[in-house]
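These protein sequence lines are chains A and B, in that order. Reminder that position 19 of the first sequence reads as 19 in our numbering, one-by-one numbering, no gaps. Reminder that position 23 of the second sequence reads as 23 in our numbering, one-by-one numbering, no gaps.
A few of these clues could be false.
[As the list claims (entries may be wrong)] Below, in silico cross-link-like pairs of lysine to any residue (SDA-like), each with a Cα-Cα straight-line distance of 20 Å or less:
| no. | chain 1 | residue 1 | chain 2 | residue 2 |
| --- | --- | --- | --- | --- |
| 1 | B | K82 | A | S209 |
| 2 | B | K193 | A | R250 |
| 3 | B | K82 | A | A173 |
| 4 | B | K193 | A | G90 |
| 5 | B | K193 | A | R56 |
| 6 | B | K85 | A | P225 |
| 7 | B | K193 | A | S13 |
| 8 | B | K82 | A | D88 |
| 9 | B | K82 | A | D170 |
| 10 | B | K82 | A | G62 |
| 11 | B | K193 | A | G62 |
| 12 | B | K82 | A | G90 |
By construction, these hints were calculated from the structure, which means they are not laboratory data.
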Amino acid sequence: MERAALPGRLTDSRAAVAWRLARVVGLIDETGHARTIVLDVRDWPGHVAGQHLDIRLTAEDGYQAERSYSIASSPEDPTVALTVERIDDGEVSPYLTQELRVGDEVELRGPFGGYFNWRALDGGPLLLIAGGSGLVPLMAMLRHRAASSSTIDSRLLLSARSREDILYRDELAKLSSGEGVAVHYTFTRRPPSGWQGFARRIDAEMLASVGPAPGRMPRIFVCGPTALVELVAELLVQLGHAPLAIRTERFGPTG
Amino acid sequence: MSPISRGFRGRRTEVDTVRLPPGQHLVHDFPVLSAGPTPHTPLDQWTFLISGAVDRPVSWTWKELLALPAETPTVDIHCVTKWSKLGTTWKGVSVDTLLAAVDSEAQYMSAWCDGGYTMNLPLEDVTGGRAWIAYEFGGEPLHPEHGGQARLLVPHLYFWKSAKWVRGLELLDHDKPGFWETYGYHNYGDPWKEQRYQGD
Numbered sequence: 001m002e003r004a005a006l007p008g009r010l011t012d013s014r015a016a017v018a019w020r021l022a023r024v025v026g027l028i029d030e031t032g033h034a035r036t037i038v039l040d041v042r043d044w045p046g047h048v049a050g051q052h053l054d055i056r057l058t059a060e061d062g063y064q065a066e067r068s069y070s071i072a073s074s075p076e077d078p079t080v081a082l083t084v085e086r087i088d089d090g091e092v093s094p095y096l097t098q099e100l101r102v103g104d105e106v107e108l109r110g111p112f113g114g115y116f117n118w119r120a121l122d123g124g125p126l127l128l129i130a131g132g133s134g135l136v137p138l139m140a141m142l143r144h145r146a147a148s149s150s151t152i153d154s155r156l157l158l159s160a161r162s163r164e165d166i167l168y169r170d171e172l173a174k175l176s177s178g179e180g181v182a183v184h185y186t187f188t189r190r191p192p193s194g195w196q197g198f199a200r201r202i203d204a205e206m207l208a209s210v211g212p213a214p215g216r217m218p219r220i221f222v223c224g225p226t227a228l229v230e231l232v233a234e235l236l237v238q239l240g241h242a243p244l245a246i247r248t249e250r251f252g253p254t255g
Numbered sequence: 001m002s003p004i005s006r007g008f009r010g011r012r013t014e015v016d017t018v019r020l021p022p023g024q025h026l027v028h029d030f031p032v033l034s035a036g037p038t039p040h041t042p043l044d045q046w047t048f049l050i051s052g053a054v055d056r057p058v059s060w061t062w063k064e065l066l067a068l069p070a071e072t073p074t075v076d077i078h079c080v081t082k083w084s085k086l087g088t089t090w091k092g093v094s095v096d097t098l099l100a101a102v103d104s105e106a107q108y109m110s111a112w113c114d115g116g117y118t119m120n121l122p123l124e125d126v127t128g129g130r131a132w133i134a135y136e137f138g139g140e141p142l143h144p145e146h147g148g149q150a151r152l153l154v155p156h157l158y159f160w161k162s163a164k165w166v167r168g169l170e171l172l173d174h175d176k177p178g179f180w181e182t183y184g185y186h187n188y189g190d191p192w193k194e195q196r197y198q199g200d
């Protein structure tokens, strides 16, 4: 399984495991329940699109909580951005999306994860399928593709409840006007009025229509809630895509 | 020392912290994590093989595995993605029972699975009543997304070591890093030492 090529692809592990301080330099409300946190990370070792990092919060009495978040920004970006979806009864996400202010410092370490990765050098075509905030690591791939002026055939299929639930909506619109990028939405709850596109859960017909065909051997990344990831991966195999070409990640709610 | 996160209070769980390793939090559902599509091997084609540095390889069919003496461990499980689930109930065959069928001087093993996944451990971590080939969870057949037909259960280590869809153990005289171990995760994965990633 591509073993030989691996060690060189991994970030230096000693640099990654050290906890470091990051300063919040920007906060962007993406939707009613998701916020992007832009961080200036001292001595950030650099990352590959698709990787995640760990955040650690410390209460006054020394109690600590850790969570993992996918990195949303491209490796070319001088700051590191996370997009956190608020889980109302969660422990960490309400803090990150509601309490955190510009100028605050958080502890983090990373980047981590050497499998759910894409670099422009890896080639394409690229097929990205996301449910809800599962878009975050795939957005890092699209941003990396744009930042490296790649024209690799890239297709994104995003399943969202409604238009208001789409992360990075304006940026996706801009990206999709570029060469070689197609952005498809399917709305599972409230499609915009007059919507002519997909308005159902992802199915085989939708995947076939988004393409690329299995014969073109796309690199496929699927991220979202478990039910969506399980279904999409299964449908892709049935359509004839090689199981090993399909890389999955869950973006279940992280409280 | 970690700086205080202004305004962060956190939510202490009512759980006995003695059972929750550092950096973990409790969940009550059973999250699913895997690197690719869920494989579906028909039961009549399913076998479990012990091979490698053994006097002769031994394999069991699904029926033969179910006919072996089973155990029903109740264990706490800890995922490297930071969730822990306490008091989970399983049914399966102790790895000791399977290894009794072969003669070997091996010190290590590599578990291999449908879907191409591999996982390595010193043999002592899957022997001495510390590991099972589990095929039931919570009194029900193990669901495919959780590793059914059968998964390895090695609860004293982070849960990726409990490889899903396991089909065999290759016994080895040397350590051979597996899938996640090659992709940046820790080679051993002791949750009590927080050995999540390479370098921890």
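Hints and how they fare:
A hinted pair counts as satisfied when its Cα atoms are at most 20 Å apart, and B/K82 with A/S209 does not qualify at roughly 38 Å. Using a Cα cut-off of 20 Å, the hinted pair B/K193 and A/R250 is violated, with the two alpha carbons roughly 25 Å apart. With a CA separation close to 35 Å, the supplied pair B/K82 and A/A173 exceeds the 20 Å bound. Note on B/K193 and A/G90: the hinted pairing is violated, with a Cα-Cα distance of about 25 Å set against a maximum of 20 Å.
For the suggested pair B/K193 and A/R56, the alpha carbons sit about 17 Å apart, so the restraint of at most 20 Å is met. Distance check on the hinted pair: B/K85 and A/P225 sit about 19 Å apart at the alpha-carbon level, within 20 Å; holds. The suggested pairing of B/K193 with A/S13 holds, with an alpha-carbon distance near 17 Å, which does not exceed 20 Å. Straight-line distance between C-alpha atoms of B/K82 and A/D88 comes to about 19 Å, which keeps the hinted pair within the 20 Å bound.
A hinted pair counts as satisfied when its Cα atoms are at most 20 Å apart, and B/K82 with A/D170 does not qualify at roughly 33 Å. Proximity of B/K82 to A/G62 is assessed by CA-CA distance (about 19 Å); at most 20 Å being required, the pair is judged to hold. For the hint pairing B/K193 with A/G62, the CA-to-CA distance comes to about 19 Å; that is within 20 Å, so the pair holds. Pair hint B/K82 plus A/G90 holds up; C-alpha atoms about 14 Å apart against a cutoff of 20 Å.
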